[in-house]
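Once you've looked at the hints, dock chain U against the given chain G.
One line per chain: the protein sequences are G and U, in this order. Each step along the first sequence adds one to the number in the numbering used here, with nothing skipped, and position 65 is 52. Just so we're on the same page, the numbering used here is the position in the second sequence counted from 1, plus 77.
Please keep in mind that the hints were generated in silico from the structure rather than gathered at the bench. Glycine included, every Cβ here is placed at the ideal spot set by N, Cα and C. Do not take every clue at face value.
Estimated spans, in silico, between C-beta atoms of each pair [stated by the list, open to error]:
| id | chain 1 | residue 1 | chain 2 | residue 2 | range |
| --- | --- | --- | --- | --- | --- |
| 1 | G | Pro(-3) | U | Met103 | 26 to 36 Å |
| 2 | U | Ser107 | G | Phe5 | 36 to 46 Å |
| 3 | U | Ile131 | G | Gly65 | 36 to 46 Å |
| 4 | U | Ser107 | G | Gly65 | 32 to 42 Å |
| 5 | U | Met103 | G | Gly(-12) | 24 to 34 Å |
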Amino acid sequence: GNSVTQMEGPVTLSEEAFLTINCTYTATGYPSLFWYVQYPGEGLQLLLKATKADDKGSNKGFEATYRKETTSFHLEKGSVQVSDSAVYFCALSDLKFNTDKLIFGTGTRLQVFP
Amino acid sequence: NAGVMQNPRHLVRRRGQEARLRCSPMKGHSHVYWYRQLPEEGLKFMVYLQKENIIDESGMPKERFSAEFPKEGPSILRIQQVVRGDSAAYFCASSPRTGITGELFFGEGSRLTVL
Chain G
-12 GNSVTQMEGP VTLSEEAFLT INCTYTATGY PSLFWYVQYP GEGLQLLLKA
38 TKADDKGSNK GFEATYRKET TSFHLEKGSV QVSDSAVYFC ALSDLKFNTD
88 KLIFGTGTRL QVFP
Chain U
78 NAGVMQNPRH LVRRRGQEAR LRCSPMKGHS HVYWYRQLPE EGLKFMVYLQ
128 KENIIDESGM PKERFSAEFP KEGPSILRIQ QVVRGDSAAY FCASSPRTGI
178 TGELFFGEGS RLTVL
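If we strip away everything but chain G, and leave its shape as in the complex, we get (with noise of 0.2 Å):
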């Protein structure tokens, strides 16, 4: 079936630093591929998409792309920052029933330090 997997956390950086969260998928089909973010306490937002293979998602200074020929979506930011704390979670689209079903990986837990 679906899955997703990513890096095991936690990563830690310094203020500044240049992040890169790997994400790889094994599906059928050709998924939408997310990328989630949960601040302490809080639920999921969505922090950015990619629907189609070589699309770039981008928000917030992240960045994502959709790497069909090796079936992954790797979060990067050039400059991390104290406030992106926060576990971060790979996801595709469930093809099945047509719906907005998500599947998850496991998080990345991200701690930044000034």
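Chain U only, in chain G's frame:
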């Protein structure tokens, strides 16, 4: 424009009691999804409902768990005879329509603790 509202935010139950978690979707949204997040784990899909219909319950445990989304009122996730392993955060998400848009709008979650 209120977001997805979940209550209670925190719920404590003793083993064997019942837990009821409520979710009011965003205005205009008629599709509701429930996810469970166990400590230090990702989100696991439980059930997808439209008004008065369960569309996909492939992630729901076969016993003790049930969900509904009546014509009027919030969606309810019900856990009967809770056990310690049910302790988790339960998130509700809504979307406005069927389709592969992928943007689910999440509530802040209900955190269930079973003593």
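Results for each hint:
{"no.": "1", "hint": "G:Pro(-3) to U:Met103: 26 to 36 Å", "verdict": "32 Å, holds"}
{"no.": "2", "hint": "U:Ser107 to G:Phe5: 36 to 46 Å", "verdict": "42 Å, holds"}
{"no.": "3", "hint": "U:Ile131 to G:Gly65: 36 to 46 Å", "verdict": "44 Å, holds"}
{"no.": "4", "hint": "U:Ser107 to G:Gly65: 32 to 42 Å", "verdict": "40 Å, holds"}
{"no.": "5", "hint": "U:Met103 to G:Gly(-12): 24 to 34 Å", "verdict": "29 Å, holds"}
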